[in-house]
Amino acid sequence: MSNQSSVRVRFAPSPTGPLHMGGVRTALFNYLFARQNNGTFVLRIEDTDQTRYVNGAEDYIIESLKWCGLEFDEGPVQGGSYGPYRQSERKARYRRFADQLLEKGHAYYAFDTAEELDQARKVAEEEGRTFSYDEHTRLAMKNSLALPREEVDQMIANGQPYVIRFKMPDEAEVVEDEDMIRGKVSFRTSELDDKVLFKADGMPTYHLANVVDDHLMEITHVIRGEEWLPSMPLHVLLYRAFGWDKPVFAHLPLILKPQGKGKLSKRDGDKLGFPVFPLKWRDPESGEVAAGYREDGYFPEAFINMLALLGWNPGTEQELFSKDELVNAFSFDRVNKAGARFDPEKARWFNHQYLIQKTDEELAGLFGPVLVEKGVVPPPLDSLASIVGLVKERVSFVSELWEQSAFFFAIPEEYDAKVAKKRWKGDVPAFMSQLAVFFAEEEISWKAELLKEKVSGMIKEKEMNFGAVMNSLRLALVGGSFGPDLFTIVEMLGRDEVVDRIHKAVDQLGG
RNA sequence: GGUCCCUUCGUCUAGUGGUUAGGACGCCAGGUUUUCAUCCUGGAAACAGGAGUUCGAUUCUCCUAGGGACUGCCA
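Residue numbers 67 to 577, in the numbering used here, belong to the letters of the first sequence in order.
Just so you know, the hints here were simulated from the structure itself, not pulled from any lab data.
One should not assume that every hint holds.
Straight-line alpha carbon distances no greater than 25 angstroms define the calculated DSS-like cross-link-like pairs of lysine-lysine that follow [said to hold, decoys possible]: (1) 332 <-> 132; (2) 513 <-> 526; (3) 440 <-> 513; (4) 488 <-> 526; (5) 570 <-> 518; (6) 389 <-> 424; (7) 491 <-> 528; (8) 250 <-> 261; (9) 337 <-> 412; (10) 132 <-> 424; (11) 208 <-> 188; (12) 520 <-> 570; (13) 513 <-> 491; (14) 208 <-> 265; (15) 208 <-> 329; (16) 208 <-> 250; (17) 132 <-> 346; (18) 208 <-> 170; (19) 487 <-> 526; (20) 332 <-> 403; (21) 327 <-> 312.
Pairwise CB distance ranges (calculated) [to be verified]: (22) 511 <-> 427: 24 to 32 angstroms; (23) 170 <-> 225: 24 to 32 angstroms; (24) 400 <-> 196: 52 to 60 angstroms; (25) 495 <-> 460: 23 to 31 angstroms; (26) 576 <-> 519: 37 to 45 angstroms; (27) 400 <-> 439: 38 to 46 angstroms; (28) 427 <-> 508: 26 to 34 angstroms; (29) 475 <-> 519: 25 to 33 angstroms; (30) 531 <-> 402: 55 to 63 angstroms; (31) 526 <-> 445: 29 to 37 angstroms; (32) 135 <-> 381: 49 to 57 angstroms; (33) 531 <-> 574: 37 to 45 angstroms.
Since we're looking at a predicted model, the values are computed, not measured.
For each residue, glycine too, the CB sits at the ideal point set by N, CA and C.
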């Protein structure tokens with residue numbers, strides 16, 4: 067039932083730490099492309115470097131993608147017919163592909179030690195050059211191209227460590243390939259070096275493992291970050307050396323720092339106060355903690371939407387997209403080539419958009435735990451929902467709901483001094499006391515409209531200043547000069563509470 | 001340094017030879033709200049530079065400048 071033309075893409079992170087938001091975007095674009103084409107989205111863990119393995123990183127990656135709603139069809143957890151999906155578990159199969167290349171003369175053994183190579187690089191650097199293991203230098207190194215056959219056999223027989231290197235073709239040629247985003251990209255093979263394919267520890271390098279696995283897993287489109295662009299010609303040459311069809315490549319633009327130079331890094335987040343990781347991450351070694359979008363109160367839909375628009379655009383003026391809408395609208399010809407600077411302000415705006423779209427009940431459900439954390443017993447869901455409904459337009463995060471609505475749950479601890487100085491003076495305090503009496507004794511029904519009418523009448527009658535009275539009443543009830551409609555607050559707080567608060571304000575601010 | 005990629009408002013971007021160069025975030029002003037925020041209206045704000053090609057270049061070509069990635073027995 068698997069037909070040749072069906073799209074298969076993979077997201078292939080390395081479990082060396084938390085997944086960067088750029089990685090999430092790469093996963094997202096893979097996902098969108100797969101879904102749009104009724105294809106298959108594969109997760110493959112690229113853990114060929116045992117020294118860089120970080121505990122918990124794989125789980126982190128999986129949980130992050132899950133939080134973002136990017137379900138994959140095959141992967142280390144659910145398996146699939148192309149497994150295993152961890153390269154460390156595929157170790158046994160790489161060697162024979164390296165041997166194939168050796169036999170065909172596309173690769174050779176190299177015995178240079180890491181120290182010798184470092185030395186060569188150092189010497190070159192001192193002479194103002196860059197050392198490159200290539201056609202110009204390879205014959206001066208310790209490898210099966212330079213050494214006599216018997217010596218090579220002897221060293222191998224003696225168990226001397228070696229790596230297997232790709233032999234760049236002798237004839238200079240231009241490797242061209244069509245990138246889905248960039249169009250034609252070309253490299254001269256004469257500028258390329260002989261990359262290590264197989265390491266002395268018996269593991270393949272990224273280059274070999276990636277090409278072999280993409281072939282074995284029948285990956286049709288390789289969608290990855292721009293940092294891989296320079297190795298595209300090597301990969302193309304590898305496919306050719308094996309005699310395999312190559313997948314179609316797409317190299318995504320990078321996500322850059324909000325300000326300054328370079329690509330977005332963890333440091334930027336710390337410095338500017340925004341997360342660069344989807345989830346909070348605690349480094350198992352150092353114990354260092356990095357913030358995550360989830361814990362900072364972002365909705366996954368908002369995070370994904372924001373990421374999708376970083377480097378891609380629909381060509382219309384629509385900015386808010388559900389995941390399904392993204393699947394439909396996405397296209398590689400609308401992905402930009404240039405790197406995109408990340409804008410934390412816009413991320414915030416996206417979250418605000420999603421927050422105000424949520425129902426009051428939904429938000430109340432999310433807000434409840436915040437209240438508990440603040441030591442407040444949450445009111446019934448429906449009354450909490452009406453409070454949330456009054457203030458949700460003014461915030462971007464659920465946690466900010468507290469700052470805007472705390473006065474609904476507790477009498478103000480202190481009063482904004484600037485407001486007090488400006489409004490709470492002259493005959494206002496005395497009038498406030500009269501207001502308390504009025505509220506305590508008034509028998510009309512406790513409704514915002516009616517109360518407002520009555521109070522307005524009183525102000526007029528006593529020839530008070532509207533602004534001074536209204537703002538002082540607000541000061542007494544909420545503690546500052548902010549919040550929703552004043553009489554709506556009066557109504558919701560209820561008679562006793564309003565009277566109490568006015569008394570307390572008069573006590574504290576002076577009558 | 002070398003190789004490769006890239007270049008429209010501060011930022012994300014639309015634009016594919018003839019547009020008052022459009023939108024969004026942010027910013028500013030006015031209006032609404034007897035508060036603040038939201039909201040509404042308006043505003044400031046860009047084709048990196050230079051040569052070509054063309055009747056005409058933001059758009060095509062080249063050069064320069066700037067930015068970025070890579071340059072590991074890391075991915």
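* To do: Just pull the numbers of the violated hints for me, sorted ascending.
  => 3, 13, 15, 16, 21, 24, 26, 32 and 33
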